[in-house]
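Going down the list, the protein sequences come from chains A, B and C. Residue numbers for the first sequence follow this note's numbering, beginning at 96 and rising by one. Residue numbers for the second sequence follow this note's numbering, beginning at 96 and rising by one. Residue numbers for the third sequence follow this note's numbering, beginning at 96 and rising by one.
Since the hints were made in silico from the structure, they are not lab data. Take these hints with a grain of salt, some might be off.
No distinction is drawn between identical chains; accordingly, a pair holds when it is met within one copy or between any pair of copies.
[To be verified] Below 25 angstroms or equal to it, Euclidean Cα-Cα: the simulated DMTMM-like pairs (lysine to aspartate or glutamate) are:
no., residue 1, residue 2
1, Lys-449, Glu-548
2, Lys-449, Asp-318
3, Lys-193, Glu-364
4, Lys-436, Asp-135
5, Lys-193, Asp-377
6, Lys-193, Glu-160
7, Lys-193, Asp-474
8, Lys-382, Asp-460
9, Lys-556, Glu-120
10, Lys-257, Asp-379
11, Lys-549, Asp-131
12, Lys-497, Glu-368
13, Lys-257, Asp-350
14, Lys-436, Asp-379
15, Lys-258, Asp-408
16, Lys-363, Asp-131
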Amino acid sequence: MNRAAKSPVTRHVVSINDLSNPEIEQVFDLAQGFLDELADKSRPYRIARSTDAGARHILASLFYEPSTRTRLSFESAMLRLGGENITSADPNTSSAAKGESLADSVRVVSNYADIMVIRHPRDGAARLAAEYSSIPVINGGDGSHEHPTQTLCDLFTLKTKKKNLRNLNVAIAGDLKGSRTVHSFVYALARFGAHIAPRPAPGMELPAHVDKRLREEFHCVMDPHAPFGALYRTPDEPHQPALFAEPESDILGRDEKMAAVYVTRFQKERWAEKNQDYPTVDADFLKRPEFLQASVLHPLPRVGELDAAVDSDSRAVYFQQAAYGVPVRMALIALLLGIRKGKSLRAVAGGFDKQRLPPYDQPRDEGLRCVNSNCIVHDSSELPYVRNKFHVIKVASPPAYKLRCAYCETDIEQFVVASKKHHWFTREIASLLHTDGQNFRELLAFSDASVAEKAGYRVRKHFGPHAESADAGTGTHGD
Amino acid sequence: MNRAAKSPVTRHVVSINDLSNPEIEQVFDLAQGFLDELADKSRPYRIARSTDAGARHILASLFYEPSTRTRLSFESAMLRLGGENITSADPNTSSAAKGESLADSVRVVSNYADIMVIRHPRDGAARLAAEYSSIPVINGGDGSHEHPTQTLCDLFTLKTKKKNLRNLNVAIAGDLKGSRTVHSFVYALARFGAHIAPRPAPGMELPAHVDKRLREEFHCVMDPHAPFGALYRTPDEPHQPALFAEPESDILGRDEKMAAVYVTRFQKERWAEKNQDYPTVDADFLKRPEFLQASVLHPLPRVGELDAAVDSDSRAVYFQQAAYGVPVRMALIALLLGIRKGKSLRAVAGGFDKQRLPPYDQPRDEGLRCVNSNCIVHDSSELPYVRNKFHVIKVASPPAYKLRCAYCETDIEQFVVASKKHHWFTREIASLLHTDGQNFRELLAFSDASVAEKAGYRVRKHFGPHAESADAGTGTHGD
Amino acid sequence: MNRAAKSPVTRHVVSINDLSNPEIEQVFDLAQGFLDELADKSRPYRIARSTDAGARHILASLFYEPSTRTRLSFESAMLRLGGENITSADPNTSSAAKGESLADSVRVVSNYADIMVIRHPRDGAARLAAEYSSIPVINGGDGSHEHPTQTLCDLFTLKTKKKNLRNLNVAIAGDLKGSRTVHSFVYALARFGAHIAPRPAPGMELPAHVDKRLREEFHCVMDPHAPFGALYRTPDEPHQPALFAEPESDILGRDEKMAAVYVTRFQKERWAEKNQDYPTVDADFLKRPEFLQASVLHPLPRVGELDAAVDSDSRAVYFQQAAYGVPVRMALIALLLGIRKGKSLRAVAGGFDKQRLPPYDQPRDEGLRCVNSNCIVHDSSELPYVRNKFHVIKVASPPAYKLRCAYCETDIEQFVVASKKHHWFTREIASLLHTDGQNFRELLAFSDASVAEKAGYRVRKHFGPHAESADAGTGTHGD
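Looking at chain A on its own, in the form it has when it is part of the complex (with noise of 0.2 angstroms):
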């Protein structure tokens, strides 16, 4: 209820971005401690000793989208824990059958719980309701967006399999567009050092902006003339580092092989119609040389594209990945909580590629809307409680500014920026977003000229270092 002044950061972990290297890392130790724990079968409760600190604390799983995996694992963590659970399954028996917007919801479930697990059918649902949480809330799974702690999955796996990540080869399989684990996928293996090889369904390649952000913001290059085929380069030199010490020596060279095989699912709930060529991984699939040695991931559910015939394969991971669901995000959930003495999350702000600019927010109803129509903020329920709000990213080469939607993540390229209070507006973006503690409250961005002009605002017409001082001089940008 009310939060004491100096209680911990409430964290939340809504993108895998949101937790810092270190951090996963520091996840994955617990993991294993716990997994050690759980497969001591001298100890009759099979229930972490050490956590009874924690004991009884309160998991809400909020679901708007089927789950058998991701909530149940979670209720298992939890139940290991020591922990008990709330659950609303079906928002068919919740109250949103009867109109109650998320962001409601959440505000009135954080009372109940002390953390909360929400899946969603909108891109960006988590972020809003981790807006409105007084609790850490987790993304289990937003619309085509991302799904955090499936990766933390996924990593671990690769963890107890591959000793190292960096410089390692992974395919990633299949609905590249819709399916939200590869999205925060992609992302992990570019911070960890690994080179990423797509191999996408016809139609079904990664987002635009995914694909735009491995390269701009990751440091992926693109190499279309692999020797396997298309592979993102990942630099030598990631930004922090890498996950895992000891490179693998093999008789291929490492250019040659694959370290493992993400396959994903065609995500039925979200396209109209299957591509007849969705592509399958079956035995003849694995017998090509260079996924000899390939470890086969999957997320699961999976609905035809991984024949069961590979399930006796020793290279079949993906029972053991779904298993691993319990140990990680037991971690996951005693770091959020800072159940364990000394471990928690709860200290720093944290998380992986922090903005250094401020966001642009302003009022729904006021200028530049976010362009993807899946997003949460164009959802009728939700109209109230969201606000027209974008992370402004500085791009190096070309030098430009972006929008990305604070929800959905999804990047504007194309835009002008109006001045409230000069009534002018302009392309030339860099002119006014150059001073980095500005707080953007004077302005408002627009599609395009014609919106601005409709909005009642001119084009700029005196544009140049003469107009920037003449405007340096006449306004104060308040902070």
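Place chains B and C on chain A using the hints.
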């Protein structure tokens, strides 16, 4: 299973009137204690320690209608008390889908748990459940009838914000016809001495039987010309001592200001289409002088009638109201189960406004039936389990008797009563119902004379004191 | 996760015949103990204290069909034992909605829990689940096949009411064709020496394979002229010692009275339309002399076939029968998990009526398939995970072999067997199946000669003792 001979009374909370005023105060004392314990961050468990004796009691939640707040706050309350939950959140996945009656389901489930909360679309369903349950039944909302635990949260919120309810004006806005929370709330307001200002959407006034009950039994006087509109004035001396001790002083006279406005949503699940003139509470509404110090309450969910912009207004208390759901429900459960030493509702039968006459109780296929088509007695699944059962209510002025359905509490004022023994019927009910100890087994009520005649009864010809004594001589009414 | 080398046997309870008679008695002994503990009101927790060692084991409930009694009583039992629950109550909110197979779901969930109960609309689904689970699977009802824990409740109720089952007459009324509870129950009755009086609704007789199995394998003799109608007479010396020791004495001879009548509802989810002549058990029915001392059982829910007026009859035991669900399921779970020191079903493989011949087991696309269209082997989601797998049953008189589907236990009596090695087939099955140790890997069954011919096999021309020995000389059947 088998109940011991000296077992305490099994108390149910189907109506707010099942609790006396002192019992409600007892709930609030305990709730305040739980609230303090939950807020104490030095206790890592966030569980009320002193309830260890009740650990692992089981609450069964049987929900035949959607719920988020009520179900999850009950389940959270049970867990915070150290108890456990079993849940049926969806009639489509319960044996109701196979056609099982509520009466049978309740009899079965009362063997699996220690206490039960039930929500159902039919008025009176919770009372039927209580008749068939061997464990305490709490009404989590039955059709348009009542929602007593919501009222406990509402009153507890008012108690926190206003120190005294007596003589305070509380506006109730919106769908007063279909909102079960309103019906429980107005009875409670009247009992604790508040004045009630109904602000219905057009055509959604309080049901006639609720209005009459406020006036006839709770001694409210409707004043249509109060300074800010129609008002039920509660008499200075309510039936029982008022809940709160200190009157509030203020600039406006007490007749000119509102202590609170209670907003309710349009109950779309009960009505065909929404009234266009449904009132909206927003910043403008709250600028009126009489609302300057009015707390804004809402049972939630809201669907447009309470503007999101009010959320940041200091008068908005509806999210706190929702948060109080946990400590208040913890207290009610603890008292019903007798978990805390010396604090139990099970010692006495209790309740407010006890009936002084024995009920009229006949088989389902004999005589008068409840006139409310949404009453549980008309549910085809329940036909074998319900009776034509009415409380006999004596109205003081003008002197009369009416029948109140024992399930949904809808009143019947016009009826005739027949004597099974003498084979005649009469409209002069008083002549038959004058004996207090009588159990009415010899009597059969019909909606009017023609129905009684069709059933083979003749009108009583020789009516009068003489006839009365003749009757007394020939018939003997059993106990 | 990884199973230790010396781990105990993982026992499943898919059919009542998976438990031997002594094992059933062990369940009942433990259930009686739990019942006594639950009834002891001086113990405030109402939890079996002696099971502390099993605290916080997790039961996963996977329900693909609606349930109230089975799911909630299992969950209550787990909580009373000190355990915990994770629940998927609705296939529409689980990954089944995305097309995941039962086999995959079970493999995943068996990593999240310690024991599992499953309900599914397909016959044989629970056996498939058991094949893919690493934890004990309990069948909570699979199509029209079996419902063994209901039978344990039924038998336990009879044990409480009647001290001896041997030679007692038990009538089974209603939908004997579709009721899975009936199928498990009649096997158990025969095994414990009771006589079975089938009283089917017209057209809803026991399935042919159940009828034949009672006669051929449980040694029942159908007597169509018993005093009160058709009766399966169970032989005086059943295969294993009878459950109950003391025969009952009475006024009527034992041939003339019923010890119990077991009523079942019309299974509307399995049949197109209800028979108009569905029998109803009411006060009149129970007035017949043979029912004077008959306990009335019903697995519930009831939907009209058992009159509510019977509820107050002292012979009605169906609500007690439902209440026994908790202690009986507590006992079964405790034994399967080995919670109680020295009391475990995991020490030996166990089961009644073990197969003496190895199973016939071929890939799904080769040869004979199960003839039951509702068998799990025909579920399109499960096609990659099922096999054409049959138990080979030797019938004594007239000597013959038949194939029993390893999933749904439907029998196939007419088939031909081909030799993969010799490329011929024969109707004279005995000539091929005579060797006990044989695993039938060389054999392929077909529904008839024409199918075998289409598959490229020729009829075996030179059949006879001579040919047999020639075969034995040329062919070697692997182990």
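Structure-based check of all given hints:
In this assembly of identical chains, Lys-449 and Glu-548 lie within 25 angstroms of each other by CA distance neither inside one copy nor across copies; the values are 34 angstroms within and 71 angstroms between. Taking identical chains as interchangeable, the C-alpha atoms of Lys-449 and Asp-318 are never at most 25 angstroms apart, the minima being 28 angstroms within one chain and 62 angstroms between chains. In this homomeric assembly, Lys-193 and Glu-364 come within 25 angstroms of each other (Cα to Cα) both inside a single copy, at 23 angstroms, and across copies, at 8 angstroms. In the homo-oligomer, the alpha carbons of Lys-436 and Asp-135 lie at most 25 angstroms apart both inside one protomer (22 angstroms) and across protomers (19 angstroms), since each shortest distance falls under that limit.
Proximity of Lys-193 to Asp-377 under the C-alpha cut-off of 25 angstroms is restricted to the inter-copy arrangement: shortest distance 21 angstroms between copies versus 46 angstroms within a copy. With identical chains, the CA atoms of Lys-193 and Glu-160 are at most 25 angstroms apart both within one copy (17 angstroms) and between copies (10 angstroms). Taking the shortest Cα distances, Lys-193 and Asp-474 sit within 25 angstroms of each other both inside one copy (15 angstroms) and across copies (23 angstroms). For the identical chains of this complex, Lys-382 and Asp-460 are inter-copy neighbours only, at 24 angstroms across copies versus 56 angstroms inside a copy, given an alpha-carbon limit of 25 angstroms.
Taking identical chains as interchangeable, the C-alpha atoms of Lys-556 and Glu-120 are never at most 25 angstroms apart, the minima being 53 angstroms within one chain and 71 angstroms between chains. Taking CA atoms no more than 25 angstroms apart as the test, Lys-257 paired with Asp-379 passes inside one copy only; the shortest distance there is 23 angstroms, against 63 angstroms between copies. Proximity of Lys-549 and Asp-131 under a CA criterion of 25 angstroms is satisfied in neither setting, with 64 angstroms inside one chain copy and 56 angstroms between copies. For the identical chains of this complex, Lys-497 and Glu-368 are neighbours neither inside a copy (33 angstroms) nor across copies (45 angstroms), given an alpha-carbon limit of 25 angstroms.
Within a single copy, Lys-257 and Asp-350 get their C-alpha atoms as close as 16 angstroms, which meets the 25 angstroms cut-off; across copies the closest is 73 angstroms, which misses it. Taking the closest pair of Cα atoms, Lys-436 and Asp-379 never come within 25 angstroms of each other, the shortest separation being 50 angstroms inside a single copy and 50 angstroms across copies. When the C-alpha separation of Lys-258 and Asp-408 is checked against a cutoff of 25 angstroms, the pair qualifies only within one copy, where the shortest distance is 20 angstroms, while the shortest distance between copies is 55 angstroms. With identical chains, the CA atoms of Lys-363 and Asp-131 are never at most 25 angstroms apart, being 37 angstroms at best within one copy and 49 angstroms at best between copies.
When each numbered hint is compared with the structure, violations occur for hints 1, 2, 9, 11, 12, 14, 16.
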